[in-house]
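Visitor: Throw the hints in and build the complete structure from the sequences for me.
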Amino acid sequence: MVLLKYLFRNIFRHKLRSTLTVLSVSVAVLSFCLLNTIITAWYAGVSASSSYRLIVRNAISLVFSLPLSYKEKIRQVKGVTYVAQGNWFGGIYIEEKNFFANFAVEPETFLRLYPEFIVKEEEKKAFLSDRKGCLVGRKLIERFGWKVGDIVVLRGTIFPGNWEFVIRGIYYGKDKNVDESQFLFHWDYLNETLKKFAPSRADQVGYYIVGIKNPEDSAVISKEIDSLFKNSYAETLTETEKAFQLSFITMTEAIVIAIKLVSFVVIGIILVVVANTMNMSVRERRGEYSILKMFGFSYTLITSIILGESLLIVLTGAVLGVIFTFPAVKVVGDILSVYFPVFILESKVIFESLMYSFVVGILSGIIPAIRSIRVDLSEGLRWNM
Amino acid sequence: MKLILLYSLRNLVNRKLTTILTASGMALVILVFSAVLMLSEGLRKTLVKTGTPGNVVVIRKSSGSEVQSGIEKDQARIIEVSPEISLNEEGKRMVSKELVVLIGLPKKGTDKLSNVVIRGIMESSLPLRSQVKLKEGRMIRWGSNEIIVGNKIADNFDGVRIGNTLNFGQRQWLVVGIFEGGTTGFSSEIWADVEQLKQAFRRPNYSSMIFKLSNAKDFDIVKDRLEKDPRLTVEVKREIEYYEDQSAMMAKFIKVLGVSMTVVFSIGAILGAMITMYSAVAQRKNEIGTLRALGFQKTTILTAFLVESLFLSLIGCVFGLFLSSFLQLYTISTMNWQTFSELAFSFTLTPKIILQSLLFSVIMGSLGGLIPALRASRQKIVDALRTD
Amino acid sequence: MAESKNIIEIKSLYKSYKRGNQVIPVLQDISFNIKEGEFLALMGPSGSGKSTLLNLIAGIDKPDSGSIVVQGLDITSLDERTLSNWRAENVGFIFQFYNLIPVLTAFENVELPLLLMNLSKKERSEHVEMALSIVGLYDRKEHYPSQLSGGQQQRVAIARAIVTDPTIIVADEPTGDLDKKSAEDVLNLMTQLNEKFGKTIVMVTHDLRAAKHAKTMKYLDKGFLINGSTEIFI
Ligand SMILES: Nc1ncnc2c1ncn2[C@@H]1O[C@H](COP(=O)(O)OP(=O)(O)O)[C@@H](O)[C@H]1O
Ligand SMILES: [Mg+2]
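Protein chains in written order, with this note's numbering: chain A, 239 to 623; chain B, 405 to 792; chain C, 6 to 239.
Note that these hints are calculated values from the structure, not bench results. All clues given are correct.
The list that follows gives simulated cross-link-like pairs (lysine-lysine, DSSO-like), each with its CA atoms no further than 27 Å apart:
(1) Lys-335(A) with Lys-370(A)
(2) Lys-465(B) with Lys-434(A)
(3) Lys-434(A) with Lys-477(B)
(4) Lys-363(A) with Lys-414(A)
(5) Lys-512(B) with Lys-480(A)
Guide: The following block contains the structure:
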């Protein structure tokens, strides 16, 4: 008990120093959590993907399309439930910086394939029955202050012209990892317009979303679909939705790695700051530790007192940092919403930050502890003079 | 003054571990700070160099990038004859019609596909890009299925060697040369005959047109005329601006992330410096009292502690820059969100960045040292001399 | 009074310190015995090796050669751990600068060495209160060192030295930092410990007045023990 008191009171001996250290740890833990939340956000598409869905695209690359005629053939593959075609529309709302994802999809099947997109029944009906209607995610609605019934004009980048849509419904995510900032409209609207103005580009599909009965069959079905179109002009590449999402991330992996590295630099910074504080504290108190040693207190005990102190400082800072993280994630999420539609703090990240803090606490206490133990007793006692 | 400097310096040497730890903290912050600047600089350099002053890019209106753009033959013919286009020695217009497609190629050491730009070129394309030099092999023969590849493609992708073939658009393409594009985006491209490429991918249209102005001042004239021409729906951009726009999102991302990280980190480092300086002041309470009793001014004491803190941050800065200079060996190769194509750029250290880092560390050092130094200088002599 | 036997036997003790690559002899061929119930004052000029000798006797430091036999046990041959346990049980320490832990109360400071013994909280509490009563500071037990005068702090340190009921008490210039009055209090207390409680005390001092409280004196000069010459200096 007395020793615990000693440990606690030591922290309050230099209130200013301890406060500053706790603060800098919390700042560092905050940035560690933010950086790792960015990484989580990077993978949001992957974690939101369903194993019941496959994506079929042109084998050359995403910018090449597939004929509409493939749809029927794919549907006939055994184990396939539904097939919906989609196109990345790439439209811009007023200015480039208002970027959000917009797709032309075959709406009825799409909503069947994406049960995690929750739409009110009457809005769904309205959307399905209006050829120029669109379905917009909740976040996007909030971002631009839209409401149902509003007319939205997108400027096409891939498909030239100004395209007019009427908001017919709002969709909500079933879980919080569902991207609530997409903009979906009727594929037929796109295709019929193209038929009129650019017939050579009509009946071309960007990708097919394929629903399957059994996730275990995904490999077999993928192979089968690809073999259907082997050696044709437009060969396909079929993969699970997860693999498809991952392929995007792999291409930007360098950035993910860079962010991860920076988040370790943060840990390094906490380490040196706390190690410094502990070094100074222990240095000032090495005479006291010698007295304890002289009384016969074991090295383990003295080390524990020092480690306990550094752990307490680090963990206090870490807990504070985690508390600051919650509002910070909200703010940063808003700023970066163009890049990351889904930006949530995962408990895994919090846990990780606490775990690293623990390690830092041990590491930064251990060196001064060893240093103070190593000195000869007679030498150490002289420091009390 | 010299004595003060010596006093500050000796104190740092005396408390080696603390000095090292505090300076390391500063060094890590400077490392992040300079790394971000170096990355932005590297990206900027790559983009600026990819574009050539005086060159103009024409793409379909609102398409944003060559990959999404399309220019029909008839339109191309109209653009081709613009009188502002410069002539070469043989009296031919320096203009090229190009096709850009993306294909997935597996990167070395993985089976994951990366999107690579295949650019269909014509004879007039090369003189428009003086940054590009053939390094090995020879130029493609026009009308054949031959390709030349950028050096970064040759380095980063499997089996891209002279004499090997690549398979795309249902054809075999023979690699006949490797070209060097320096830090430009072209180093990450594959070039083929535009007409062959159009056939292979069944593309009736070109993606973009590039031409050189005989007089750079004519840009506004040509832009105005082409964009207003009712037969065309095109956008005319300076090549340099075009490439800058291509990575605006990436540049902004690096900036937003970099600035916020630097701000947060520097708070940490300033706190770290404060911790060290406060305890330096506390430890030397008696010394300060003695110096004051001997007649040293408050300002002298203030200077001594500020100098000590500045020394600390400068040591950190030098060490941090030393670390970040090694980053120059690395190239970040990633997908550009706007074009979906591979974009490679390196960390680039410039004298300006060194200066910025120095300035930044001086600010950190001053902020971290100021309050403790003020406390030291404000101590009453009697208090400072009392032992407790 | 029966002829008391030797409690400490010191034989040909040598000790030197290395400073850089220079070896400085501090103690040279020291041999003497200390009887049970003795109150010995070790005197000599500053730097003569008094503290070093005291530390060796207390088992805080190890000699280069020679032996120190305490109650039949040669403590120079003990390993670190055993020595540490031996110290906890047999030796009480008093220092010039009290060496109290500033963040603990008088009570807690005194309780510290008891934490290593197998005692219940109640037993510890009794011991501490007893020790504090002996030094006359029972009513100050909740005070922190900074709230006590130098003399009071030294008395707390004495309470801490006797709380484990050690056979030997070593004191290194216990009055060196005290005013006359406080020094007198502390010395009287030590005399009391020696006479009433039968503690063997070894006290380093260079203050003659302090030495007069002791029963015998030994004189150190430049690391040598000057035998039987104590009277000269009185
Ligand atoms: N740990 C040590 N390291 C080096 N030299 C020491 C050490 N302890 C004592 N000395 C030296 O040994 C000599 C005797 O010291 P000490 O026993 O403290 O003398 P005293 O207590 O009589 O003043 C002095 O010269 C001192 O500098
Ligand atoms: Mg001494």
